[in-house]
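**Student:** Could you put the whole structure together from the sequences, leaning on the hints where they help?
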Amino acid sequence: MKIHLWLRPAFILIILTACSNSGERDYYTAVVEGTVVQVPALTGGKIDEMAVETGDEVAAGALLAHIDTLELSYQRNQLRATLEELAVQLAIARKQLAQGETNRGYLAEK
Numbered sequence: 731m732k733i734h735l736w737l738r739p740a741f742i743l744i745i746l747t748a749c750s751n752s753g754e755r756d757y758y759t760a761v762v763e764g765t766v767v768q769v770p771a772l773t774g775g776k777i778d779e780m781a782v783e784t785g786d787e788v789a790a791g792a793l794l795a796h797i798d799t800l801e802l803s804y805q806r807n808q809l810r811a812t813l814e815e816l817a818v819q820l821a822i823a824r825k826q827l828a829q830g831e832t833n834r835g836y837l838a839e840k
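731 is the number of the first residue of the sequence shown in the working numbering; add one for each residue after it.
Just so you know, the hints here were simulated from the structure itself, not pulled from any lab data. Computed from a predicted structure; not experimentally measured. Note that beta-carbon positions come from the ideal geometry of N, C-alpha and C, so glycine has one too. Heads up, a few of these hints could be off.
Have a look at the derived ranges for each label pair, beta carbon to beta carbon [as the list claims (entries may be wrong)]:
(1) 791 x 815: 33 to 43 Å
(2) 808 x 837: 21 to 31 Å
(3) 822 x 788: 46 to 56 Å
(4) 793 x 814: 50 to 60 Å
(5) 819 x 781: 42 to 52 Å
(6) 823 x 787: 51 to 61 Å
(7) 780 x 758: 26 to 36 Å
(8) 777 x 812: 20 to 30 Å
(9) 796 x 767: 14 to 24 Å
(10) 815 x 836: 41 to 51 Å
(11) 802 x 766: 22 to 32 Å
**Tutor:** Structure (structure tokens):
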């Protein structure tokens, strides 16, 4: 029994020595995943140049990419031409309507 009493303090001393801070620090390396956000483009097109790289941190409103606008410019010009053509057709239709009303008035007088 006396042997067991002597072993208890030795055992506690060994445990405390193993748990003591010897001034050395442990360093661990880890990769922490950041927040990934899907950013839909408001318009389609070919990306001309990327302003950021994968893994870069960006702020709200930051430029992410340049989109080639040549095709969009062609589409805009085509839509403007179509709009002008429709405006001319509307003017012709209004003149034809006015002419029809004049003819109806002339025929109603007879």
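**Student:** State for each hint whether it applies.
**Tutor:** We went through each hint and held it up to the structure:
1. 791 x 815: 33 to 43 Å: Given range 33 to 43 Å: holds, Cβ gap about 39 Å.
2. 808 x 837: 21 to 31 Å: 43 Å, violated
3. 822 x 788: 46 to 56 Å: Cβ of residue 822 to Cβ of residue 788: about 53 Å, so the range 46 to 56 Å holds.
4. 793 x 814: 50 to 60 Å: Given range 50 to 60 Å: violated, Cβ gap about 34 Å.
5. 819 x 781: 42 to 52 Å: About 44 Å separates the Cβ atoms of residue 819 and residue 781, which means 42 to 52 Å holds.
6. 823 x 787: 51 to 61 Å: 58 Å, holds
7. 780 x 758: 26 to 36 Å: 34 Å, holds
8. 777 x 812: 20 to 30 Å: 28 Å, holds
9. 796 x 767: 14 to 24 Å: Once the Cβ atoms are compared, 20 Å apart, the range 14 to 24 Å for residue 767 and residue 796 holds.
10. 815 x 836: 41 to 51 Å: 32 Å, violated
11. 802 x 766: 22 to 32 Å: Taking Cβ atoms as reference, residue 802 and residue 766 lie about 28 Å apart, which means the hint holds.
This entry does not satisfy hints 2, 4 and 10, going by the numbered hints stated previously.
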